[in-house]
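Take these sequences, add in the hints, and give me the full structure.
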Amino acid sequence: MSTIRRPKSRKPRRAPALRVVTADHSVVRLSRVRSAQKRIESGYYDRDDVRDRLVHAVLGEILRG
Numbered sequence: 001m002s003t004i005r006r007p008k009s010r011k012p013r014r015a016p017a018l019r020v021v022t023a024d025h026s027v028v029r030l031s032r033v034r035s036a037q038k039r040i041e042s043g044y045y046d047r048d049d050v051r052d053r054l055v056h057a058v059l060g061e062i063l064r065g
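The sequence shown begins at 1 in the numbering used here and counts up by one.
Keep in mind the hints are simulated off the structure, nothing from the lab. Predicted model, so just to flag it, every value in this text is computed and none were measured. Yeah, the Cβ is synthetic: ideal placement off N, Cα and C, and Gly gets one too.
Label pairs and their in silico Cβ distance ranges: (1) 52 / 24: 21 to 27 Å; (2) 30 / 5: 37 to 43 Å; (3) 31 / 11: 18 to 24 Å; (4) 56 / 17: 26 to 32 Å; (5) 28 / 7: 33 to 39 Å; (6) 9 / 49: 48 to 54 Å; (7) 63 / 21: 20 to 26 Å; (8) 10 / 45: 40 to 46 Å; (9) 30 / 3: 44 to 50 Å; (10) 9 / 55: 51 to 57 Å.
Structure (C-alpha cells):
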C-alpha cells in the first residue's frame with residue numbers, strides 16, 4: 001500500500017522590501033522612490049510652495065553632506 005504525501009502547508013511569505021543603496025551607502029526603500037515618481041508625474045512638485053520646501057530640503061542636505 002502506497003502512502004499519499006500531502007504538500008506541507010506554508011504560510012505565505014511577504015516579499016522582502018526592495019531597497020536602493022546610494023553611493024554613500026544609505027538605503028532608500030524602492031516603494032518611496034516609486035511614490036515620488038508618481039508625484040512627479042502628476043505634477044505635484046510644479047507648485048510654488050512645494051518647490052520652495054523642496055529647494056530648502058535639498059540645500060539642507062547639501063550643506064550637511
